[in-house]
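S.K.: Based on the hints, put chain A in the right spot on chain G.
Residue numbers (this note's numbering), protein chains in the order written: chain G, 1 to 463; chain A, 1001 to 1322.
Keep in mind the hints are simulated off the structure, nothing from the lab.
Bear in mind the structure is a predicted one, so any value in this text is a computation, not a measurement.
All C-beta atoms, glycine included, are put in the ideal place defined by N, C-alpha and C.
Among the hints, erroneous ones may be present.
[As the list claims (entries may be wrong)] Chain G stretches covered by chain A per the calculated footprint, using a threshold of three residues with CB under 8 Å from any CB of chain A:
#1 212-218
#2 342-348
#3 389-400
[Claimed, not checked] Straight line, CA to CA, 25 Å or less: simulated DMTMM-like cross-link-like pairs of lysine to aspartate or glutamate:
#4 A/Lys1132 x A/Asp1206
#5 A/Lys1041 x G/Asp56
#6 A/Lys1242 x G/Glu63
#7 A/Lys1272 x G/Asp278
#8 A/Lys1041 x G/Asp446
#9 A/Lys1041 x G/Asp278
#10 A/Lys1211 x A/Glu1294
#11 A/Lys1032 x G/Glu442
#12 A/Lys1107 x G/Glu429
#13 A/Lys1107 x G/Asp446
[Stated by the list, open to error] Distance windows between CB atoms, simulated:
#14 A/Gly1108 x G/Gly368: 31 to 37 Å
#15 A/Asp1276 x G/Ala103: 51 to 57 Å
#16 A/Asp1276 x G/Pro360: 43 to 49 Å
#17 A/Thr1231 x G/Gly282: 51 to 57 Å
#18 G/Ala208 x A/Gly1223: 23 to 29 Å
#19 G/Gly368 x A/Val1148: 52 to 58 Å
#20 G/Pro47 x A/Leu1142: 39 to 45 Å
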Amino acid sequence: MTRRVVPLALFLSLLFVLQAFAQVDPGVRGGGAAAGGPLSSVAANNPVTILNFFNDAKDRFQEIDSVSGTVAGEGGFGLGPRYNSRSCVACHAQPATGGSAPAVNPQVGDATADGATNPVPSFITSSGPVREARFPFFFTNNQPDPNRPNGGVEDLYTITGRVDAPTACNSTVLPRPSFTLAVNTGNIIFRIPTPTFGSGLMENIDDATLLTNFNNQQNNNVGVTGTFNHNGNDGTISRFGWKAQNKSLEIFAGEAYNVEMGVSNELFTQERPLPGEDTTTGLASVCRVNPTPEDHTNFNTTSIATLSDTVQFAMFMRFLAPPTPSTTVPGGATSINNGRNLFTSIGCAVCHTASLTTSPSRFTPSLGNATANLFSDLEIHHMGTGLNDNVSQGGAGGDQFRTAPLWGLGQRIFFLHDGRTKDLLVAIEAHDASGSEANSVEFNFDLLSASQQQDVLNFLRSL
Amino acid sequence: MLRRTAQALVFLSILPIARAQEAGAPDVPLRKLPTDVILVKGAVPSASDTSTPIPEGGVVRKDVYSNDYFGLSYALPAGWFEKYKGPPPSDSGAYVLTMLRPGPTYKGASRGTLLITAQDMFFTPLPGQTAKESIEFTKKTLQADYKVEHAPSEVTVANRSFTRFDYNSPVAGLHWYVLATEVRCHTIRFVFTSPDPALLDTLIRDLDAMKLAEADAPLCMAGYAEKANITYKVDPILTEQKFNAIPVRIIIDKSGKVRHVHVISAFPAQAKAITDAVMTWRFKPYLRDGHAVEVETGILFGAQRAKPVMTAATDNAKRSGD
Chain G
1 MTRRVVPLAL FLSLLFVLQA FAQVDPGVRG GGAAAGGPLS SVAANNPVTI LNFFNDAKDR
61 FQEIDSVSGT VAGEGGFGLG PRYNSRSCVA CHAQPATGGS APAVNPQVGD ATADGATNPV
121 PSFITSSGPV REARFPFFFT NNQPDPNRPN GGVEDLYTIT GRVDAPTACN STVLPRPSFT
181 LAVNTGNIIF RIPTPTFGSG LMENIDDATL LTNFNNQQNN NVGVTGTFNH NGNDGTISRF
241 GWKAQNKSLE IFAGEAYNVE MGVSNELFTQ ERPLPGEDTT TGLASVCRVN PTPEDHTNFN
301 TTSIATLSDT VQFAMFMRFL APPTPSTTVP GGATSINNGR NLFTSIGCAV CHTASLTTSP
361 SRFTPSLGNA TANLFSDLEI HHMGTGLNDN VSQGGAGGDQ FRTAPLWGLG QRIFFLHDGR
421 TKDLLVAIEA HDASGSEANS VEFNFDLLSA SQQQDVLNFL RSL
Chain A
1001 MLRRTAQALV FLSILPIARA QEAGAPDVPL RKLPTDVILV KGAVPSASDT STPIPEGGVV
1061 RKDVYSNDYF GLSYALPAGW FEKYKGPPPS DSGAYVLTML RPGPTYKGAS RGTLLITAQD
1121 MFFTPLPGQT AKESIEFTKK TLQADYKVEH APSEVTVANR SFTRFDYNSP VAGLHWYVLA
1181 TEVRCHTIRF VFTSPDPALL DTLIRDLDAM KLAEADAPLC MAGYAEKANI TYKVDPILTE
1241 QKFNAIPVRI IIDKSGKVRH VHVISAFPAQ AKAITDAVMT WRFKPYLRDG HAVEVETGIL
1301 FGAQRAKPVM TAATDNAKRS GD
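Isolated chain G (complex conformation) (with noise of 0.2 Å):
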């Protein structure tokens, strides 16, 4: 017996040393929220009342939607017909107003609330990322058709059965998409919200700068190619949205406005039919509520409030300051600085590059030629096998994906396009696929010590 007892009493005591020395991703760092404010310059309200028109366009991007404004407490107007999210903030919550998904996801509620009958899919809980799904092809007799790509926001709910809603607009004319058909074939993908803050002066980046950039980068010896997203109408570099797709952030905020919570806007002026409805019968006249489009220019004033939403919206990204990393937390300066160094050794700057030089703005100082601790290219790369989601956006492929800038990771509860860890090592990890640019890279990460490792971690922890 006793002979037993002390070899399991080594093995436990070895096994908690290797536990001490293993790395950890230290989680999400706390204190108070590192975002959220406004750049300096705004801050100081330089020019005169721009402070005005963030916090006017922070207030917008707080509200709820309904239908049509008809629903006490909810200040918004427009929601749907179909909607992912009834409020900017909703998804773009964590660490604060303008971040990503929160803790508790707020799609769970979305589904029943003001009398809505929704189900909630599968694949949306509580404690997991706020999602939008996609169907990367469409159903042929109920099987996902590789010759017909898909790749359009599946929104999750419809307005049927809520108070604001007509009683004709029900799910016969409405219908949901079969998200059980699309995760028993596996033809779904999810994306969750990017963060927006220092957008603004990722906005402002010249495409000279990013071709500078990659020419430099062209250099490694890492095996990193990448490439860029364009605008399909100028040509210019994109750089908004996962896979770089959107050119600015108007675009992105009119986009989402449209695509997440239904409401048409100027710059997507129609109510939005599914994936499949806009080429065959689009939307049922019964659920098209309201008079279109349903955010515009108020020409019944002279204040802030004659901008539209998505103006605002688009407003509000742009004068968030970028996150303010820490020097101490987690692990200590020594660890963090160490990490640093590492970080760039082993060859992850050459995508995530750590700062790249705004042009000179108009808008407001804080955003010219200011130096953006992006820790991105805005270059798009092949991940390879394991985070391909085939869907193609603009020249981006089903593989393609854009460095995702790492500033405000310490605070990021949800990891990669669609959430699908909270646990940064294996997000590091992910990177290593069949096809990626990042195997070497990654690689490299592992022939790093344990110690090393961490002090990489806590780095990422500390943006």
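M.R.: Below, chain A alone, put in the same frame as chain G:
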């Protein structure tokens, strides 16, 4: 690649997982999309025929990496393997030919990797026309995080001239030993990485057994597809502006006909239009020492943002000592 394509083509006929669940749906088995296949691709490589070797066509078979295009054959270190394929070639002509690493059967005490890359010098966005210049540029632009171990120098490996450059990261404790040479107007780099310099020295010593000889390769010449050399030409019509650079390599046979078109990176419709057009082009036969020889050259279609460095017609095969 072929295996994946085949998987993609047959996925609808395999893996029955459930029954259709929609009201009124036919009662047929549902098929699940494969999870490890990229079905929706962006810009990808293609070729006018399957018999002519292409740079990205290398394979690991029986513990040997072989690449017919470059005439490269390299026996993997014991217990190493190619876990994953690299990405498709880029629109600036950069290739990850293979990345090798220790596998589950590896018995060694220290670990490392060998990354073999190629840069098509017709399309490189970097300065430098030779392997040596390319490595010199790497040294010149090496960031402060790294320390030079051995400055670039000429070495002979596998009876071939290479430029070798060693550097390390003191903070990471990793060493990079890089060997570069030129083959068919490409710079081939062998990038060895490990915390253990002794392992790297052993790997480089073993590299001497590698075969790297493009004996029957066409003569590679930058800028040969110029007006003065072309006797017949139809421009491809690219019907959709995608803003991407489209690097293309062609092989012109001894009679001046285009024998092979390799579109390095393009969307499928672009590749078809270019291939169909360029295959009809006719050139003056190129004479070397009075004899007509096959010529390989590059043409850049689409966006011109990746400006080729080698714009003058140069006989790089001669310069690299072939």
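S.K.: Hint by hint, where does the structure go against what was stated? Just the numbers, ascending.
M.R.: Those not satisfied are hints 5, 6, 7, 8, 11, 14 and 19.
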